[in-house]
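Q: Sequence:
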Amino acid sequence: MEGDRLSSAESLLRNGDITVREFVRSVAQSSLYQSLFFHSSSQYRFIELNFKHLLGRPPQGQEEISEHVQIYNEQGYETEINSYINSDEYIQNFGDNIVPYPRSIRSVVGLKNEAFNRMFSLLRGSATNDSDKRAQLISSVAANLPTPIKPLAIGNGASYGNTEKRFTIAFSTSRSPARLGKLSRQECVVNYSQMSKILQNIQKTGGKIISISEVA
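With the working numbering, letter number 78 in the sequence shown gets 1538, and the count goes up by one each step, no holes.
Be a bit skeptical, because a hint or two may be false.
To be verified - With a straight-line cut-off of 16 Å between C-alpha atoms, the simulated EDC-like cross-links for lysine to aspartate or glutamate are:
1) Lys-1668 <-> Glu-1647
2) Lys-1664 <-> Asp-1477
3) Lys-1664 <-> Glu-1527
4) Lys-1668 <-> Glu-1523
5) Lys-1664 <-> Glu-1538
These are computed hints drawn from the structure, not numbers from a lab. This structure is a prediction, so every number in the text was calculated from the model and none was measured.
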C-alpha cells in the first residue's frame, strides 16, 4: 500500500502534476520514512536527520532541537515535517523544483562556521548511511561545543564504538533562587545510550549544559 502511494507520487511528479517540493513532502510523511528514521531512532536523531534531509544542514543549536521537539509533541508528526518544508529557509534555498542537498559543506550566508563540521559529522562519506539510530551531534549541540572532524569511515564495518563509552555531563541549575539566584554546578556520568534522555531532563528543569566530556 505504502509502495503504491509513493509510486503514485512519483508518477504525479513525472507528469508535472506536483512539484519536487510536494514530492519531498510525500516521501517525508510516508510510513516508509517513519519506519526508517522515526520509529527506530531517538528523538534527537530523528530531528538531526530531518534537518539533514529537508534543509541540507545540521541543527545550529539546542534551541532549534527544542523547538522541533515541542512541535512534534504538541502538533504531531505531519506538522513537524511541514515545519521544514513550509519554512522560508526551504523556499529560499530549494524553491519548488530543487531536491534538498547538503548546503553547509561550503560557506553559506546565515549559517555558523560550526555547521560545516556538523554536516560532515552527519555525512561521513559514501561508506556510511543514515541507518545509525544514535544522535551524532548530542555533545556539540547541547553544550554548544566544537564538533571534531573524524576520519571517514572506509567500510560497512567501520564504527566509533560510542555505545560502550561513558560521558561526564556538567550542568548548572538554579533550584535555589533564595541564595542570591546563584547557579549551582552539578555533574553526572552516563552511558551514550542514556545521554539523550538525560540532556532533555536537564533542560526541562531549567538547567544549562556546561560541558560534555568522555570518561577516560
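Q: Confirm or reject each hint.
A: These are the hints, each one checked on the structure:
1. Distance restraint check for Lys-1668 and Glu-1647: the Cα-Cα separation of roughly 12 Å lies within the 16 Å cut-off, and the hinted pair is therefore satisfied.
2. At roughly 44 Å between alpha-carbon atoms, Lys-1664 and Asp-1477 are farther apart than 16 Å, so this suggested pair is violated.
3. For the given pair, Lys-1664 sits about 13 Å from Glu-1527 by alpha-carbon distance, which is consistent with the 16 Å threshold.
4. Proximity of Lys-1668 to Glu-1523 is assessed by CA-CA distance (about 12 Å); at most 16 Å being required, the pair is judged to hold.
5. Taking the CA atoms of Lys-1664 and Glu-1538, the gap is about 24 Å. The hint is violated against a cut of 16 Å.
The structure fails hints 2, 5 (numbered hints given earlier, in ascending order).
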